[in-house]
Structures are given as C-alpha cells and as structure tokens.
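**Q** With the sequences and hints as input, model every part of the structure.
Here is what each chain is made of, one letter per residue.
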Amino acid sequence: MKKMNVSEMSEKAANDLLMVRLGQLVVNERYKNGDFKVPIHLALGHEAIAVAVSQTMEPEDQLVLSHRNIHYNLARSGSVKEEIDEYLLKPEGAGGGWLGSMNLSRKSEGVAYTSSILGNNLPVASGMALANKTREKESVVIVVTGDGAMEEGAFYESLTFMKTFGLRVIVIVEDNGWSLASRIHERRCEIDLNQLAKAFGIRHDTMEGNDIARYIETLRDIREWTMDKNEPVIVHVLLTTLGHWTMKTEDYPEGKFINYHAGPAKTVNIGDGPVIENSEADPVFVLKSRLDETEFDKLVKNQLQNLSGELP
Amino acid sequence: MNYVGFVNQELKKALKDKKGVIVFGQNVGTGSCVSGLSRGIEKETGCRVLNTQNSENTLVGAGFGMMRNGVSSIYIMKQLDFLLLGIDQLVNTYNYIRVFKPSASFTILAVVVDNGYQGMQSSLNNLADFCSIARIPGYAITNRRDAEKIIGAHLVSPGFRIIGLSQRLFGRELIDFEQVISCEADGGWLQYTDGADVTIACFNFSIPQGRGLIEALKDKGKEASLFSINSSSPVEWSPIIANACQTGAIVVIDDIKSVNSPSVDLVARARGEEKIRTITHITRDFSSLDWLRPNADELVLNNKNIIHQALK
Chain A
26 MKKMNVSEMS
36 EKAANDLLMV
46 RLGQLVVNER
56 YKNGDFKVPI
66 HLALGHEAIA
76 VAVSQTMEPE
86 DQLVLSHRNI
96 HYNLARSGSV
106 KEEIDEYLLK
116 PEGAGGGWLG
126 SMNLSRKSEG
136 VAYTSSILGN
146 NLPVASGMAL
156 ANKTREKESV
166 VIVVTGDGAM
176 EEGAFYESLT
186 FMKTFGLRVI
196 VIVEDNGWSL
206 ASRIHERRCE
216 IDLNQLAKAF
226 GIRHDTMEGN
236 DIARYIETLR
246 DIREWTMDKN
256 EPVIVHVLLT
266 TLGHWTMKTE
276 DYPEGKFINY
286 HAGPAKTVNI
296 GDGPVIENSE
306 ADPVFVLKSR
316 LDETEFDKLV
326 KNQLQNLSGE
336 LP
Chain B
755 MNYVGFVNQE
765 LKKALKDKKG
775 VIVFGQNVGT
785 GSCVSGLSRG
795 IEKETGCRVL
805 NTQNSENTLV
815 GAGFGMMRNG
825 VSSIYIMKQL
835 DFLLLGIDQL
845 VNTYNYIRVF
855 KPSASFTILA
865 VVVDNGYQGM
875 QSSLNNLADF
885 CSIARIPGYA
895 ITNRRDAEKI
905 IGAHLVSPGF
915 RIIGLSQRLF
925 GRELIDFEQV
935 ISCEADGGWL
945 QYTDGADVTI
955 ACFNFSIPQG
965 RGLIEALKDK
975 GKEASLFSIN
985 SSSPVEWSPI
995 IANACQTGAI
1005 VVIDDIKSVN
1015 SPSVDLVARA
1025 RGEEKIRTIT
1035 HITRDFSSLD
1045 WLRPNADELV
1055 LNNKNIIHQA
1065 LK
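Sequence lines, in order, name chains A and B. For the first sequence, this note's numbering begins at 26 and goes up steadily by one. For the second sequence, this note's numbering begins at 755 and goes up steadily by one.
Simulated from the structure, these hints should not be mistaken for lab results. Just so it is clear, CB atoms sit at the ideal spot from N, CA and C, and this is done for glycine as well. A portion of the hints provided could be inaccurate.
Below, in silico cross-link-like pairs of lysine to any residue (SDA-like), each with a Cα-Cα straight-line distance of 25 Å or less [to be verified]:
1. B:Lys855 to A:Ser133
2. B:Lys770 to A:Arg160
3. A:Lys162 to B:Ile1060
4. A:Lys162 to B:Lys1011
5. A:Lys62 to B:Phe854
6. B:Lys773 to A:Gly191
7. A:Lys162 to B:Lys832
8. B:Lys855 to A:Ser102
9. A:Lys158 to B:Asn808
10. A:Lys223 to B:Asn808
11. B:Lys1011 to B:Ile1060
12. A:Lys106 to B:Asp771
13. B:Lys855 to A:Leu124
14. B:Lys832 to A:Leu332
15. A:Lys158 to B:Thr799
16. A:Lys158 to B:Val910
17. B:Lys766 to A:Arg160
18. B:Lys832 to A:Glu163
19. A:Lys188 to B:Asn805
20. B:Lys770 to A:Thr159
21. B:Lys855 to A:Tyr181
22. B:Lys855 to A:Gly191
23. B:Lys772 to A:Glu163
24. A:Lys158 to B:Arg802
25. A:Lys158 to B:Gly800
26. A:Lys158 to B:Gly783
Beta-carbon label-pair distances, calculated as ranges [as the list claims (entries may be wrong)]:
27. B:Asn808 to A:Pro116: 40 to 48 Å
28. A:Asn255 to B:Pro1048: 45 to 53 Å
29. B:Lys797 to A:Glu83: 34 to 42 Å
30. A:Phe225 to B:Pro1048: 20 to 28 Å
31. B:Lys855 to A:Glu83: 47 to 55 Å
32. A:Glu211 to B:Ala907: 25 to 33 Å
33. A:Gly226 to B:Asn808: 13 to 21 Å
34. A:Glu83 to B:Asp771: 47 to 55 Å
35. B:Lys797 to A:Gly226: 27 to 35 Å
36. B:Lys797 to A:Phe225: 28 to 36 Å
37. A:Ser133 to B:Asp940: 28 to 36 Å
38. A:Gly226 to B:Ala907: 53 to 61 Å
39. B:Asp940 to A:Lys291: 35 to 43 Å
40. B:Asp940 to A:Asn58: 46 to 54 Å
**A** Printed below as a string of structure tokens:
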C-alpha cells in the first residue's frame, strides 16, 4: 500500500484519531490507578467512526449517544482534561460534575443527549428530529446505538417513527458483536440489518475497515442524502472493541477469551504505544499503515506531549 | 355539558394561540378523536395534531426529545395502562432532561380506564404509581373547577407532568361546585364546601363518592368540608389538617387499586393530631382476587357506616 503524507489524508482526522485513542489510554491508566468512582466504558477500537461522525457534523447537527460515549465526547471536544475532570466529578468537568460517564453530553459541542439505558436514546432522537423539522432547522440528528440495543423494541418503534414523519436522522449501529459477555450467536438469531432496513424502506450503508478518510467521505455523502431526501438512514458499522484478555479457569485451562465491556482495560498499557492490535480491527494500526512512519511518530509525540499532564 | 366535552373545551381554550405546540398520540386526529377529547383542536387552535403509531415507549421518549429541542407537546394517551410501556422514558429520560431545566412543556394526558368490565389487564387506575417513580407532578381531573385550574395552569407550562382523566366520567354530566373556597396554588387540592361536622378528602377520582357522602350527611343534618386532592404526590396538608382539627373528624376516600397513594401520608399526618377524634380511611376491598374479575370497578361507599364511625 502506498504511504501517504499526512496532508494528503486530512491532518485533522489523523490528529483527532490519535487524540481519541491516546486520551482513552490516559483515562485507562488513571482508571487502573483507581482514580474514578464512576463506571466508564472505554471505546478502544471505535475511534474511526467517532472521528468521522464528528468531522461530518455541521454546527446545528446534534449527536445522541449511549453508555459507551467517550470516543464521541473526546472527538467533539478535543479536551481530555475536561473528560477526566468530569469522571472525577469536578465542577470544571465537561458536565460540571453532574453527568459522570454514562450520561455525558455537551450541548455546546452538539452532544445533545446521552443515555445509559439500552435503546432509550432512539425515541429521544426521534423527538429531537421532529422538533427540528417543526422548526425548519437545516440539521441532522445522529444517534448512536449498538448490536445489543437494536434488540430492544425501541429500535423498531423509532425506525417506524423516523420513517413515518420523514425525519433527518442517521442511526449509527456500532456492531462489535458483543453484549456484555455474550456474542450475538449466544443470545439471539442473526438479524440482517440490510434486509430490515429494506422492510422499512430505509437506506442502509455498511462501514468497515476503519479507514478514517473513507469513513468521512461516506458519512458526508449520507448526511447530504438525508438532508436532501428528508429520510432516516441506518449505518451499520462493523468494529471490534479492543482490550480483551484471557482468563484460566477449571473449564478453560488454556484460558477463556474475555471481551472488554467496561472498567479498566488491564492488558492495555500506554507505554506500549498507541497501536493495540496489528490488524484492521485497530483504527490506529490502519492509520499507521497509511502514513509514513516518521510522520506517524511525530503526530504521536505531539499528542503525548499535550496529554502528559493528565497521566497519573 | 358532559365531562369529556368540557375537558375538550378547556384544552382548546388553553391551546388557543399556541401554534407551536404539537398534540400527538393514537387516534388524536381521526375517528372519534379519543372519544371526543382531541376533537377540533387542530382546526380551532392551529396547533399541529399528529396521529401516531402504537409505540408508547417511543412516543414518551419523543415528547422528551421535542422538549429537549424547545418544542412543547401534549401526548394524549387513550389508556393509562399503556403508559407502562413508557416507564423507562418516564424515569431515565425525564431525570436527565429535568437537570437542564427545559423551557418547553411536555404533558401526558392519559385516560384512566375505570369504567368497568375491562378485564384484569386493564385494571390500573392509580396515577400516583407513575408519578412516584421519578417524582413526576401528576394531577387527576374530576370536575369543572379542577379542570379549569389544572388545565389552565399546567397543560402548557415549562416542565413535565401527567394529567389523568376518568373514563367513567367521560359521558356523565359534568360535576360542578358552586365555589372554590380555597385551593393549593398549583391545583394540588381544592376545597369546595365548608362544614363544621366532618372533613372529607377525596383522592384520585373519588370526588363523586365524596359528593354522595355530603348528601348523606345533609340528610342527617350534618355539614362537611369537601376537598378534592388532585395531586398524585403528597402536598402541603396543613390547611386540610387545620380543617379536620376544627371538625374533629376526617374521612379520607381513595379509589385506587394499587398500594402507593398520598392518602396514606394525609392519614399519617391526621393521626398525629389530638383534636382529630375520628379518622376514617376508605379504600377498596382486596381480601380476595374478585377485584380482578370483570366488574363495575367502582368504589362503593356504605355512607351509613361511614357517618356512624366518623361522628361517634
């Protein structure tokens, strides 16, 4: 693959991606250090879609999030310090110390609502989009859900509502294949999201591979489409939540795969660098493979310098 | 004029010149318009009336979403039992939205199906069950005076509340009182008569029973003070307690079928007053499962026994 100069692929996208990854790694170190009382769901491996969404949003657009929201909040604000201060429940935190982690929103950055309850945010996003339509606002509501939350009735109810009223909503389904410790095949039948979208007459797109430049291009096209058509869109994002570990038990003497869900990612260390996994599953690995190595190292060094004050 | 006709009239009066308000729900703009409740609202007020799908969770969430984006709305719900499907939104979303002190209004206007013979799955008649879970303001409407007060003050005002209507009263002649002697500022309670012998406090939708007791007392040459307690949460009881201290007897009538009621709170307050000689707390008989069989579903008072006990 041909290596790119950072200016060829959007320096902001590359920097934001690294900031969201390294910011999370700093939070993880503080978490391992026992600094936080609030539960935090890290989103290592989810950075590309968060940065792409953030860079697609126009000033009036609104983002509606779920319990795993650190990546979007970091991408929107660019402030790791405000994020950490919120987790420490300080008044100078992103939510004034009121919101903690699972409900963190930032009105000024367009993060309008966040819910810790699976599926809860889709109805709220529907209402927000209806309000925007009523007030003739030129904006889109982007709501983030997952392969677990799409099992909730609210998912189907809300798609009906969005389609019926012709609402400009982009539904991002972050599909990591897990809900807590259950894989999809361990908890339910397969749901073909493409076929489901067809049944509703809703446009459906799939994104995978963590190529930040391509993600941004695709999302900008989708945003333009929903603005033009006054229709919702489902975007199915296939990704991997990084930070797993293995645990040896009597039943699994060779070690059982434990998916990362929440809490500190014990096997991930900031000292090992920003790349967690050498595969397409890691957006930072994908970024590194696209960039000249010297350029990549320079970007990482700059980001680490900015974050040094936040480490334990 | 009947009860539903009057409530419809008050709704239209309160919504006059409030063109930005959205009135939504199942059948609000078609067929009987929820037994006449929403008839003519769009035509006579200019509010937007939206017929919706049958998705209570999403509809409650959408109300909060509109509120979040500054659009006021009223969700007219055909049957209070259906609100059970929206409880997540009532608790989790409302708790979130209220922290930001929204300037928009969201009202759920729910019909309590208490007209009998509905079967055991349509047995819920207690607004307080919903209001208690997130300390939601709630009001029951039974007559001309409380309808004027509660709809006028609360239908469209910043914040969220549930207003309950009684299906049993829908087609009946509107209950009216000559005067309102005193009332709680928010319409939490209203006093209609002032008498020296007994204090009567009617909770939920039991004002018809209270009126019947007044008439029975008159036959005995006795006068009573009559209060309707419209709030579904405990309010400032002092004026009612003061009245009961003067009469020396309080009869608390409550027609709910679940356990949670502010009437228990009033009775507890009354028990601490030496001047109140008799406290009669009238509730339903739940000694067998007969209350779940199709029945008339009406609290029937034995006025002779109540008067005997209250005046002994």
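**Q** State for each hint whether it applies.
**A** These are the hints, each one checked on the structure:
Of the pairs offered as hints, the one joining B:Lys855 and A:Ser133 holds, with about 16 Å between alpha carbons and a cut-off of 25 Å not exceeded. Pair hint B:Lys770 plus A:Arg160 holds up; C-alpha atoms about 19 Å apart against a cutoff of 25 Å. With a C-alpha separation of about 61 Å, the suggested pairing of A:Lys162 with B:Ile1060 is violated against the 25 Å cut-off. With a C-alpha separation of about 46 Å, the suggested pairing of A:Lys162 with B:Lys1011 is violated against the 25 Å cut-off.
Proposed proximity of A:Lys62 and B:Phe854 is supported: the alpha carbons are some 23 Å apart, at most 25 Å. At roughly 21 Å between alpha-carbon atoms, B:Lys773 and A:Gly191 fall within 25 Å of each other, so this suggested pair holds. For the proposed pair A:Lys162 and B:Lys832, the alpha carbon gap of about 31 Å is over 25 Å, so the pair is violated. A threshold of 25 Å between alpha carbons decides the hint, and for B:Lys855 with A:Ser102 the separation of about 23 Å falls inside it, so the pair holds.
Proximity of A:Lys158 to B:Asn808 is assessed by CA-CA distance (about 21 Å); at most 25 Å being required, the pair is judged to hold. At most 25 Å may separate the alpha-carbon atoms for a hinted pair to count; A:Lys223 and B:Asn808 meet this at roughly 21 Å. The straight-line distance between the Cα atoms of B:Lys1011 and B:Ile1060 is roughly 20 Å, inside the 25 Å bound, and the hint therefore holds. Distance hint between A:Lys106 and B:Asp771 is unfulfilled; the C-alpha atoms sit about 47 Å from each other, more than 25 Å.
Of the pairs offered as hints, the one joining B:Lys855 and A:Leu124 holds, with about 14 Å between alpha carbons and a cut-off of 25 Å not exceeded. Among the hinted pairs, B:Lys832 with A:Leu332 is inconsistent with the structure: their alpha-carbon atoms are about 55 Å apart, more than 25 Å. At most 25 Å may separate the alpha-carbon atoms for a hinted pair to count; A:Lys158 and B:Thr799 meet this at roughly 20 Å. For the given pair, A:Lys158 sits about 20 Å from B:Val910 by alpha-carbon distance, which is consistent with the 25 Å threshold.
Restraint check: the Cα-Cα separation between B:Lys766 and A:Arg160 comes to about 22 Å, which is no more than 25 Å; the hinted pair holds. As the CA atoms of B:Lys832 and A:Glu163 are separated by approximately 34 Å, the hinted pair breaks the 25 Å bound. Taking the CA atoms of A:Lys188 and B:Asn805, the gap is near 14 Å; set against the 25 Å cutoff, the hint holds. Simply put, B:Lys770 and A:Thr159 have alpha-carbon atoms about 18 Å apart, close enough for the 25 Å limit, and the pair holds.
Taking the CA atoms of B:Lys855 and A:Tyr181, the gap is about 30 Å. The hint is violated against a cut of 25 Å. Of the supplied pair hints, the one linking B:Lys855 and A:Gly191 is violated, its CA atoms being roughly 29 Å apart against a limit of 25 Å. For the given pair, B:Lys772 sits about 23 Å from A:Glu163 by alpha-carbon distance, which is consistent with the 25 Å threshold. Note on A:Lys158 and B:Arg802: the hinted pairing holds, with a Cα-Cα distance of about 12 Å set against a maximum of 25 Å.
Distance hint between A:Lys158 and B:Gly800 is fulfilled; the C-alpha atoms sit about 17 Å from each other, no more than 25 Å. Among the hinted pairs, A:Lys158 with B:Gly783 is consistent with the structure: their alpha-carbon atoms are about 20 Å apart, no more than 25 Å. Between B:Asn808 and A:Pro116 the Cβ separation comes to about 44 Å, which falls inside the hinted range of 40 to 48 Å. For the pair A:Asn255 and B:Pro1048, the supplied restraint of 45 to 53 Å holds, since their beta-carbon distance comes to about 47 Å.
The hinted window of 34 to 42 Å between B:Lys797 and A:Glu83 holds, with their beta carbons roughly 37 Å apart. Distance hint check: the CB atoms of A:Phe225 and B:Pro1048 are about 39 Å apart, inconsistent with the given range 20 to 28 Å. In this structure, B:Lys855 and A:Glu83 break the distance hint of 47 to 55 Å, their C-beta atoms being roughly 27 Å apart. The hinted window of 25 to 33 Å between A:Glu211 and B:Ala907 is violated, with their beta carbons roughly 53 Å apart.
A:Gly226 and B:Asn808 have their C-beta atoms about 19 Å apart, which keeps the hinted 13 to 21 Å range intact. Checked against the hint of 47 to 55 Å, the C-beta distance between A:Glu83 and B:Asp771 comes to roughly 33 Å, which is inconsistent with it. A hinted range of 27 to 35 Å for the beta carbons of B:Lys797 and A:Gly226 is consistent with their spacing of about 31 Å. A hinted range of 28 to 36 Å for the beta carbons of B:Lys797 and A:Phe225 is consistent with their spacing of about 32 Å.
Distance hint for A:Ser133 and B:Asp940: a CB-CB separation of about 34 Å, consistent with the stated range 28 to 36 Å. Distance hint check for A:Gly226 and B:Ala907: the Cβ-Cβ separation is about 43 Å, which falls outside the suggested range of 53 to 61 Å. Separated by about 53 Å at the C-beta atoms, B:Asp940 and A:Lys291 break the suggested range of 35 to 43 Å. With their beta carbons about 49 Å apart, B:Asp940 and A:Asn58 fall inside the hinted range of 46 to 54 Å.
Figure legend: structure checked against the earlier numbered hints; hints not met, in rising order: 3, 4, 7, 12, 14, 18, 21, 22, 30, 31, 32, 34, 38, 39.
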